[in-house]
Amino acid sequence: MTAAEAVGVIRFDRVTKEYPRSGTALNDVSFQVARGEFVFLTGPSGAGKSTILRLTYFDERPTAGAVRVSGVNSQRATRREISKLRRRLGIVFQDFRLLEERTAEENVAFALEVTGAPRAQIGPKVSRVLTQVGLAAKSTAFPRELSGGEQQRVAIARALVNDPFVLIADEPTGNLDERATRGVFQLLREINGAGTAIVMATHDLDLVRNADYRTIELNRGQIVFDSAASVEPTA
Amino acid sequence: MRRTVRDASATFSRAPLLSLLSITTIAFSLFAFGLFGLVALNIRAALQQVEERVEIRAFVADGTDAQAMAAAAGDIAAFPEVQSVDLVSKSQALERARHELAEFKDVFEPGILPASIDVRLKPGFRDPATVQRVSERLKSYPFIDDVRYGEDWLVQLYRLRNIAGVSGLALGLAFAAVAVIIIAATIRMAVLARADEIAIMRLVGATDGYIRRPFLLEGFVKGVLGGLLALLFTWMGMHLIDHYLHFHTVFFDPGQAMLGVAAGALIGVIGSAVSVGRHLRAV
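Residue numbers (my numbering), protein chains in the order written: chain X, 329 to 563; chain S, 18 to 300.
In case anyone wonders, no lab produced these hints; they're calculated from the structure. No residue lacks a Cβ here, since even glycine has one placed at the ideal position from N, Cα and C. If a hint is listed, it holds; no wrong ones were tucked in.
Here are some chain X residues pointing at chain S (derived, C-beta under 10 Å): (1) R408; (2) R415; (3) L417; (4) R425; (5) A439; (6) T443; (7) R447.
Can you build the whole structure from these sequences, using the hints too?
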């Protein structure tokens with residue numbers, strides 16, 4: 329285990345994020361996520377949940393402070409290092425973000441192709457993750473032919489295919505009905521059970537209450553509650 | 018490389034209309050440039066033909082010894098600017114005048130026209146200053162009475178040539194700039210049409226180079242196809258002009274035609290690089 333992993337695979341150190349137009353989105357936020365941990369990010373709209381996720385996959389950089397993910401530091405990371413890091417992260421969105429003109433298996437294979445994976449490995453890996461998310465029978469379906477829950481499963485399969493050490497999910501059940509929500513959440517629990525850390529932003533408080541996972545609650549860009557006893561909230 | 022080719026060709030098959038539009042836009046931009054180039058080429062060819070007629074005529078005093086004339090002609094032929102020297106005797110001068118000015122042939126009487134040494138200059142030495150310099154040297158021969166080279170006409174010709182050259186360059190640059198802008202905008206449309214795909218590629222860890230390569234290949238192919246189409250349009254345009262306006266026009270030689278297509282390819286690649294680069298910096 330490296331020094332970075334010992335202190336958490338994700339580490340926010342006094343992170344502030346300001347936008348020129350909308351002002352402060354995060355204000356002096358610090359926390360860590362350990363390897364294999366499941367963390368809910370909750371809070372009202374505009375509290376800073378999505379900002380934390382975007383900073384985690386380096387879509388944005390902090391205005392002040394530092395974000396470290398698996399040893400990659402936001403203050404020094406090059407675009408190439410960020411690309412390499414993202415291959416080891418799984419990212420899932422509320423709106424799925426699938427390529428409409430590609431089938432389910434092509435969408436999943438896409439994430440392997442960009443890493444330059446050998447062609448011989450792509451087919452078996454894609455089949456494995458589509459089976460894992462319960463969509464082996466619909467591998468040749470286009471996104472428009474799938475339900476919302478199924479599309480999200482394809483997105484999760486795409487996120488899993490590179491064996492990520494952490495899966496970042498921004499409101500993954502936000503567009504789903506209750507039944508699909510339960511199915512997708514169960515899938516995320518299984519993925520976490522296999523050792524992948526999960527950071528999930530959600531509005532769904534029922535989901536949060538019924539699961540015994542760490543919860544970080546945000547309000548107006550600050551952490552107002554962190555269920556992990558070892559981490560002091562910053563506000 | 019295989020992935021680059023596959024992704025680039027997928028763009029053509031997934032969005033055939035947009036691809037066709039891009040190629041046609043590139044073709045028309047280059048066609049406008051090509052037509053202009055053709056006009057410039059033909060003006061230059063016409064001026065060159067006129068220039069070839071630049072001639073210095075040194076009139077020889079009556080009674081000059083033929084040997085002295087021949088010796089002088091030999092000297093003059095050795096000038097670095099000189100292409101050819103013709104000795105024209107009095108009788109030949111009369112013959113030529115009667116031929117060139119047939120309606121006055123009865124006016125010319127034997128012995129009325131002087132003998133001359135006619136000098137033609139090499140290409141690149143037909144400008145007014147050189148012509149004047151050579152004329153002065155001819156005048157220094159004692160038996161030369163007078164030297165004529167159509168000074169006013171030559172100055173006008175060179176003024177026309179300079180105006181054509183400068184305005185041609187300015188218009189050519191303007192046409193090229195318009196072509197580049199239109200082509201970059203066309204490729205930007207293709208990039209924006211794939212903005213979602215690019216965003217997802219970035220999220221799953223594609224490097225900038227990986228994202229850029231298919232677009233560069235696409236720009237190259239569109240540039241080459243647009244260039245070839247423009248060449249075809251220009252060729253058809255030339256034939257229409259030949260057919261309906263009865264001008265004998267000169268077309269690009271194979272080297273120039275290939276240069277035009279290569280320019281299309283280069284503009285396609287640069288336009289793609291700029292458009293994708295701008296987009297990648299923004300995501």
